[in-house]
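Line by line, the protein sequences give chains A and B. Anchor point for the first sequence: position 33 equals 33 in my numbering, and the numbering is continuous, going up by one each time. Anchor point for the second sequence: position 218 equals 528 in my numbering, and the numbering is continuous, going up by one each time.
Rather than coming from a laboratory, the hints here were simulated on the basis of the structure. The beta-carbon is built from N, C-alpha and C at its ideal position, and this holds for glycine as well. Incorrect hints may appear among the rest.
What the hints assert, rightly or not - No more than 16 Å apart at the CA atoms, straight line, and that leaves these computed lysine to aspartate or glutamate pairs for EDC-like:
1. B:Lys312 <-> A:Glu82
2. B:Lys313 <-> A:Glu71
3. B:Lys389 <-> A:Glu71
4. A:Lys127 <-> A:Asp89
5. A:Lys88 <-> B:Asp327
6. B:Lys388 <-> A:Glu82
Said to hold, decoys possible - FRET-style restraints, in silico, Cβ to Cβ:
7. A:Asp58 <-> B:Leu526: 37 to 47 Å
8. A:Lys298 <-> B:Lys312: 44 to 54 Å
9. B:Ile336 <-> A:Lys88: 36 to 46 Å
Each chain is listed here by its residues.
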Amino acid sequence: MEVSVENISRSYGLQKAVDSVSFKVNTGEIVGFLGPNGAGKTTTMKIITCFMSPDEGDVKIGGVSVREKPENVKMHIGYLPETNPLYKDMPVIDYLKFVAELQDVPKDKIKERIFEMVQVCGLTQEKYKKIGELSKGYQQRVGLAQALIHNPEVLILDEPTSGLDPNQIVEIRELIKKIGKEKTVIFCSHILAEVEATCDRIIIINSGKLVADGTSNDLRKQAQKKEILKVTIEDGDKNEVFMALQKLDTIEMVDPLPSYTNSYEIMSRAYTTSRRSIFKLCVERGWALTEMTPIERKLEEVFRELTIKN
Amino acid sequence: MKKIWIIAKKELRSFFDSLMAYIMIILFLGFSGFFTWLYGGDVFLVNQASLQSFFSIAFWTLFFFIPAVTMGLLADEKKSGTIELLITKPISYWQIIFGKFLSAFLLIAITLALTIPYYITVASIGKIDHGAVWMGYLGLLLISASYISIGLFASSITNNQIVSFLIALFIGIFFHLIFGLIGSSMGGIMNTIFSYLSLLTHYDSMSRGVIDSKDLIYFASVILLGLIGTEIALVKKTRAN
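Kindly produce the complete structure, drawing on both the sequences and the hints.
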């Protein structure tokens, strides 16, 4: 089921939390939704799940508008909110049954679905305990089980792995990947590595506006207009090499690395590459080029650049 | 209807799981029993087979107890964020509100049903006006429904249970007492209006066995107004916030 967000805006008083955001998520796609605190991620999720209505714009899920038929839309969404909503004094099983009933799971299937979810989310030992007695990680699993209970076609997860231990994080990621093959998944997170490992596509939002949309490689390239190389050149006088490098056309800046080796960090001018000219220079002067490594920007830096700029 | 029942069932279960229901039932039976049988204008003092004293004490006890039952119904959901769970499920605001209303109403109905032995006992020691008793019970159910509706409204405008309890009492006291007092201290048209607004006027006539369409219209409007207020407040607190 396709989720298409069309120009939604939403204000809290004078503050615009979401400002004409549009994007589309196709079936079988896992999209990571990133942004600093207060960027409008959760608000966007709340609008998609019909918890809030947008001031402007619309969201269509499988072609059905959240404005016109929220009841219809809600049937197809599994939602794990950021503040994991649990009734602390209910046993896990009762809670899941309650949610399954609310989600119109057929009566004869409820038991089966609960059993399956308890297994998938690793709650077998805990299923009769009161939710309030569980640790945060287990509570998070209950939240996830709740979101998945009716086998929804669209899954919206707001920080699903918070509070989980590393093993569980890997399990949940695998689970999300597995589910994501046939379903539409939108996944909010602060943990960039996690988003990179799980998601096909990344959307970055900052102060209510969409600032990037693409695969992690796209985003890196987009942010990295200037090539950065780490180069080690031996057999030459350090100063001479430095001067010669700086004279090359495509090079904007040479930064000698503070070490005993003759290493430099070289930044090229935008949209050019200096690899060939460096090689040629070395051949001409008879220097030995012992290392040339392109330095890839980390997603963290891309994220920082996109979200701190303004 | 199915969705309403799902909510009501869940709330009812949590009343019983949290001991709230038992405390409510024991206190209610204790209070009303004490004043019906042992103290003040009890059955033996009046020397009449009538449940009048029970009905007048139940009128007061319910006034205090119902806000305690309703205070958490919505306030707690909003505080813990579980309201987000409910609203993002395929269920309407009205279904949630009716479900909550029904749960509190059933709890009160169960409590009142447990006082039926009083009726049987009194009926066995003298001649009792059966019509008046059943009317009295109907009256109690109707004022309970009115207070539940007011309590739900109070619960929908705050996240704090205590505040919700106090607001419910504050609104309730007008219907319970103040309108009646204003009415009796004034004459003419004002008297008529305020007397009509007072719950006691309608309840009194019912517990004496007289029912009028005016009373029914009165209760229906109080209940409906409370529920509509609840819906408006809930939509405002969630969707618009």
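Taking 16 Å as the top limit, are the C-alpha atoms of B:Lys388 and A:Glu82 close enough?
-> Cα-Cα ~14 Å, so holds.
Sort out whether A:Glu71 lies within 16 Å of B:Lys313, counting only the CA atoms.
-> With a Cα-Cα distance of about 13 Å, the restraint between B:Lys313 and A:Glu71 holds, given a limit of 16 Å.
Distance restraint hint 36 to 46 Å, applied to the beta-carbon atoms of B:Ile336 and A:Lys88 | violated, 25 Å
Measure nothing beyond the straight line between the CA atoms of B:Lys312 and A:Glu82; if it is 16 Å or shorter, mark the hint as holding.
-> Since the Cα atoms of B:Lys312 and A:Glu82 sit roughly 29 Å apart, the hinted pair is violated (cutoff 16 Å).
Mind checking the hinted window 44 to 54 Å against the Cβ distance between A:Lys298 and B:Lys312?
-> holds, 52 Å
Would you check the hint for B:Lys389 and A:Glu71, treating anything up to 16 Å between C-alpha atoms as holding?
-> violated, 24 Å
Are the Cα atoms of A:Lys127 and A:Asp89 separated by 16 Å or less?
-> At roughly 13 Å apart (the allowed maximum being 16 Å), A:Asp89 and A:Lys127 satisfy the hint.
Hey, A:Lys88 versus B:Asp327, does the alpha-carbon distance stay inside 16 Å?
-> holds, 12 Å
Indicate whether the distance between the beta carbons of A:Asp58 and B:Leu526 respects the range 37 to 47 Å.
-> holds, 44 Å
The structure does not agree with the numbered hints 1, 3, 9 stated previously, though it agrees with the rest.
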